[in-house]
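Enquirer: Input sequences plus hints: build the corresponding full structure.
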Amino acid sequence: MSAFSRRALLRATTTLAPLGGLTMALQPASAAEAAKPRPLVFPRDFGAHPDFKTEWWYVTGWANLPGVDAVYGFQITFFRSRVDGTQAMQSRLAARQLLFAHAAITDVRAKRLWHDQRLARWSGEAPGQNAMDTASSSSQDTGVLLHDWSLLREGADLRARAPAQDFALDLRFAASQPVLLQGKQGLSRKGPDPRQTSYYYSLPQLKASGTLTLQGKTLEIAAGSTAWLDHEWSEEM
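In this note's numbering, the protein residues as written are 39 to 275.
Hints listed in this document are in silico derivations from the structure and should not be mistaken for laboratory results. Each statement offered as a hint is correct.
The calculated lysine to aspartate or glutamate pairs, modelled on EDC-like cross-linking and capped at a C-alpha distance of 16 Å, are:
#, residue 1, residue 2
1, 74, 273
2, 245, 258
3, 245, 268
4, 74, 231
5, 255, 145
6, 228, 273
7, 255, 204
8, 245, 208
9, 245, 195
10, 245, 192
Expert: Below is the structure:
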């Protein structure tokens, strides 16, 4: 998905009506100003930054399958968008954040694509603190949950799960290189306005393992499969 497409999708979600709340409030000013130079601190910055308007965790990769004459591409992305008009609502049903996700598998040689998506509201409370939440994201480390889809840290690795209607992903990603800070030490300028700046890092050349399920068959991917994760957050893309 191009940067333009990601931004268009994020803008579209902000037009959704609030999904809950007992009281209405004027749209508040953001708690986050334009991104400023600061050291990124891990594992904290692997997690969510809900004070910022927009955030995504974007994983793409390719998989070899043992004994199969095919190459598969895969992608799973989790997006978070702060809903300004609901921040002062008192209801635990208030959609202070929206979480949405997209996943896909491509059979490169057969030129076939499977894809699916999910969308849910999040109160903004810590995972497990609000029984009404069907989605949440940790602010301490990578930990995004959206119904039965997830991107979580398990030990030193990341694990992505996306059981979709016509396919499923269950993948692990092991680091092979240090964190790559984009822009100037993780601060990436997007335009002339200082607000058009994001915090942005990548996890390059991840070693991928796990399974892909297609047409009712679960296939274990072979050694040598790789992936790349981009994590970016900003007040204004």
